[in-house]
Amino acid sequence: MMTTALAVLGVLALLFGAILGYAAIRFRVESDPLVEQIDDILPQTQCGQCGYPGCRPYAEAIANGDDINKCPPGGEATVRKLADLMGVEPKPLHEDAQNAVKKVAFIREDECIGCTKCIQACPVDAILGATRQMHTVIVDECTGCDLCVEPCPVDCIDMIPLIETAERWKWDLQAIPVRMVEAD
Amino acid sequence: MQSLLEQVAAEQLWRFPGGVHPPTRKAELSKKPIASLPLPDKLYIPLRQHIGVAGHCLVQKGDHVMKGQPLTMADNSMSVPVHAPTSGLILAVTEHTSPHPSALPEPCIVLEPDGLDEWRERAPLHYSQCSTEQLLERIQQSGIAGMGGAGFPTHLKSAVQQQVELLIINGVECEPYISADDALMQEQADTIVQGIEILCHILEPKAVLIAIEDDKPAAISAMQSACHGRQPWFIRSVPTKYPSGGEKQLIQLLTGQEVPAGRRPIDIGMMMFNVGTSFAVAQAVLHDIPLVSRIVTVAGDTLQHPQNVLAPIGTPVSDLLHFCGFQPERPQRVIMGGPMMGFTLPDLSVPVIKTTNCILAPTQQELPAAGEEMDCIRCTACAEACPASLLPQQLLWFSKAKDTEKLDEYNLFDCIECGACAYVCPSEIPLVQYYRVAKAEIREQQREALKAEQAKARFEARQARLEAEKLERQRRNEQLAVERAAKQSANAPDAVAAALARVKSQQQQTPADLEAIKAERERKKQLARERQAEKTEAPANAASATDPRQAAIAAALARAKAKKQAAASDSEQVHPQQNQPEQTATKPAETAAASEASDPRQAAIAAALARAKAKKQAAASASDTGQTEQEQAKPAETEAEQATQTAAEPADTVKAEPAPDPRKAAIAAAIARAKAKKQAEATPASEKTGPEEAKPEQADAASASAAQTEATEQPSDPRKAAIAAAIARAKAKKLKETEPK
Amino acid sequence: MSFRIASSPHQHNQKTTSQLMLWVVIAALPAIAVQSYLFGYGVLVQLLLAIVTAWASEALVLMLRDKTILPRLKDHSALVTAVLLAVSIPAYAPWWLVVIGTAFAIIMVKQLYGGLGFNLFNPAMAAYVLLLIAFPVQMTQWLPPTALQQHALGPLDAVCAVMSQASCQGISLEQLRQGVDGMTMATPLDTARTDLMMGLTLPESYEKPLFQGGVGVGWFWLNLAWLAGGLLLLQQGVIQWRIPVSVLGSLALCSLIAWSVNPDTNFSPLFQLFSGASMLAAFFIATDPVSASTTARGRIYYGVLIGVLVFVIRSFGGYPDAFAFAVLLANMAVPLIDYYTRPRTYGHKAVKGRQ
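Chains as they are written, first to last, in our numbering: chain A, 45 to 228; chain B, 7 to 747; chain C, 20 to 374.
None of these hints come from the bench; they were simulated from the model.
All figures in this text were calculated on a predicted structure; none of them were measured in a lab.
Beta carbons: idealized from backbone N, C-alpha and C, even for Gly.
A portion of the hints provided could be inaccurate.
Computed Cβ-Cβ distance ranges for the label pairs, DEER-style [what the hints assert, rightly or not]:
1) A474/B / P195/A: 42 to 50 Å
2) A78/C / N108/A: 27 to 35 Å
3) E12/B / L48/C: 51 to 59 Å
4) E211/A / E415/B: 40 to 48 Å
5) D196/B / Y358/C: 33 to 41 Å
6) V331/C / G275/B: 51 to 59 Å
7) D216/A / R481/B: 50 to 58 Å
8) Q371/B / L48/C: 27 to 35 Å
These stretches of chain C come out as covered by chain B in the derived footprint (C-beta under 8 Å, 3 or more residues) [to be verified]:
9) 55 to 68
10) 289 to 295
11) 307 to 321
12) 350 to 363
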């Protein structure tokens, strides 16, 4: 009796195992390669603040087990998405990279000597100019990655916060300054 | 089955879901005649008062303008001009608090009326003889944008290719208090009808439907008599319910049809204009009066005479309120727009613009401020009030969770922000505010996503380009090598001999090079020692600063000579970069600097050179230890300085100008920065070995003296200030870096 | 002068949440009066205990959660939970029963899910089910209606009975539970079910004194009082018609079918609608906005589900009254119902479940 039960259960186990195994092979869902998925999550600023030369190399590094919290431009949201994808716990961003004020590079043009160093540094070709001509930043293309600031020999590049416009305003009613005027 | 037009003709009305019935509070206002506001002291005319882009500003401070003169120029179709509401003087073109919920400053023309109210020349049109293009051009040039509140340029809306079945004229002012359109219909029904005829001329609709709420009997009868006899025009009185004046809701109410999501009414053959817009069209076409004034309802219990006022565009709200006898409470709420969709103003200098239909200054009893926000109890009063059949309670939940996917699934972007949900919410949750924030955030995310996509594309394009360039270079080098090999093999057929010769020449060159470097290093050390001694004595002494400078010149000259030698020997090499990659990198530049430059621009190159050199040197010295590091850093700096100097001088002499090249200033700044950087790098490192030395002060003093010499060297340079600034900046940076350590 | 910045709309016109809750309590008053008339002052004692416990536990949790206490107590949601639980408990059940139940309802079912608006289950019903499962004896000790009681209990007796399970004269609850005919009394539903199991037909069972007036002494009047309160809520716009109508409609329909098949073993629709907690549940419990479905169509399905479940449990289940179970089961189905009954947004095609 006992042996029959064991045998039946064993056969059943084998049977189900076989079915499951077959199903796993037969109904396998082909998904994007992991690197592609990670790369899609990364903000593509190509800033290199993660220590890799661009987003894709970092995506490859994450796929190979690097930390997911090295992307300051992506912020917490990116870390969370990466954590979801990789099935790990979200970590806080590295160091003090959490200040999320959007910035763009600005070249003080009367000080620029036209050395093209910043052009070479810019990962997204967002700086216009030629040798010995003053350079300028295409604000719409600038990702605010900071990479042009360091190479500038005359320190004429500033990272300035994006000016808030009415179109981009996020309905922060608390931030509206109420002007005090004299009662009359 | 009746056709839609037959159903409309049969006076059939449909209904839309939801809606609320706030007290209308219009009875008193709509009986009063429209008052005319005396000209204000100043008018603030924002450059952009519609949806789209601002026109190009045509006037500047001090200009005198006539009434109706365009102040901006519409340079593309998304733009409409603004006009001078009266004759007067342009005081300024400046930033001013915008009539926008954000109250962010926007460019504004400040006009001081001269009181004469002089018109520019006007050219009325006979619309029946005009082409559609002419009329649309006139509508655009008259600055007409939808006056119901959205402010969409009217010429854009009218320029459609599709057949317009039904032209709907919206006289449904569903928000409480607002009776501007009501007053307009009562007093100007004939002009409105003329405007509708012009629109009919442009659009050729099959029928015209004028919708007016049933709480405005006077307006209905005025319009009825004005439209009398016109076919097929229908005037429809619709039940009073908020928000039946919304475009989509009114279409549903009048025709039972829905505008598909993401489409426009014209896609179902309908076109809707506000009565104010058709009035403005008539004025523009028939009298060439651009949109320079509008009727504003000024209401609220803090006013002694609430009424409808004809106000010039740009009138500050304070003028309007005081005209109506404003007696503010404190704190006072002043709302631009109606109580359901308007926004509060942070100050009263905000101007009236083309879309301003109401200024509301209620007392606290009249419209109590919202109470404390409580938890949502999911009572779904909001869902029952929603005219778009959304589920506001779910949207609130997802908005709080910032779940953009769910928000999209629950159609957040179909919310018209009418405020009916928040109006009925028993927990007084500011639902609309949550949705606006969520919408703004989603839009921002979409912008970011788009930008990321572009950045990625640009990055990849750049990578491809760099890769291609690299390959190209490689190919060229290989080709050159092949050519040279061919040449050499022609001279010496034995390849082994050639290789031997190469090795020999390498051996020859290397010791020479090493010697040069060694000598150079010695000199630098010497220099640094001298400088150190001098600095400890009198750091601020400008005269003593010239001493090490002379030494540096000598050093640099010697070095340059040595380098040139090396370069000369290098040029014989087939693969020079194999031996000394670091040094060869600077060599072409070096020779360029050494060669007598005639172009003043050469200076810039020299500057870059100097920087590169300095950097390399700094890198080299990093491998050394302790004291020597600092010593070496200093000569490098003087060297850099000197290189620039030598490069700049020939330029000057060629030009034969006593005034130095302006570029020199930038160079000097660059030098200062390079110096400071290096110093900063060197100082903390050296402090590890010799902590008792007062390094930061010393470094500071060094750069100060350098700055001084520079200043004395170029006294006539107008850019001196910039240099000084750069130096100061560098200094500050350095101090900041060194002090914490 | 200074200006006040606020978000539109700048005008509100609706009863506040606390007013809505208060209306629920007000609408419950006639039924509470009837219930205490029928079953004695014990009802009031239970109410008092429940309300005090509810307030105390709500305040405690709010304090622990670091939230403002007073505004949240003032929303009266705890009061409503307390009232609904207290009226569902036998009038002379021991005091700790109602205290445990209310504390469980407020702390576990409501606050631990995130407070008002976040609870998945109806707190009163969840607590009722807990008590029914954990303390089945105490929870089914309904005294016979006062008219059938041998001993009448005064207000003081009621307090004693709840606190010590005996009247001040020392008559134990066991004795009190015996009716005039010396038989232990249960609720009419209970009695009828027991009789059915003992092989009696319903008409035979209805012969008992408990069933005077058709559906049991007093219970009919009690349900009428709840119905009146419910109509008041409807009239005030506190609740919408969909849930009560669909609950009662589906219950009536199911029982009508069953009854016409075999009137001997199935309750009549009238008996179903006016016995037990039918009216209370249909108007006061199933309509709890937090745990009910939130879409118009969803509310119909939700109500129908409750009605059918009640019928099934009453007819075939092991528990006498079924509303608590039915409501909790329907609560579980709410997210699903809501998801599949989303209304069609303006300008969109009808939503299909999932894209």
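Each hint tested on the structure:
Take A474/B and P195/A: their Cβ atoms lie about 23 Å apart, and the range 42 to 50 Å is violated. A C-beta distance of roughly 54 Å is found between A78/C and N108/A, which places it outside the suggested range of 27 to 35 Å. Distance hint check: the CB atoms of E12/B and L48/C are about 56 Å apart, consistent with the given range 51 to 59 Å. Hint check: E211/A to E415/B, Cβ distance near 26 Å, so the stated range 40 to 48 Å is violated.
Between D196/B and Y358/C the Cβ separation comes to about 55 Å, which falls outside the hinted range of 33 to 41 Å. Taking the beta carbon of each, V331/C and G275/B are about 53 Å apart, inside 51 to 59 Å as hinted. Against the hinted window of 50 to 58 Å, the Cβ-Cβ separation of D216/A and R481/B comes to about 56 Å, which satisfies the hint. At about 32 Å, the beta-carbon gap between Q371/B and L48/C stays in the expected band of 27 to 35 Å.
Remark: the segment 55 to 68 of chain C is not confirmed as covered by chain B, as 0 of its residues place a Cβ nearer than 8 Å to a Cβ of that chain, below the required three. Counting residues of the segment 289 to 295 of chain C whose beta-carbon sits less than 8 Å from any beta-carbon of chain B gives 0, not enough to reach three: the coverage restraint is violated. Residues of the segment 307 to 321 of chain C lying with their CB closer than 8 Å to a CB of chain B number 6, which satisfies the three-residue condition for coverage. Beta-carbon proximity to chain B at under 8 Å applies to 4 residues in the segment 350 to 363 of chain C; the threshold of 3 is reached and the given coverage holds.
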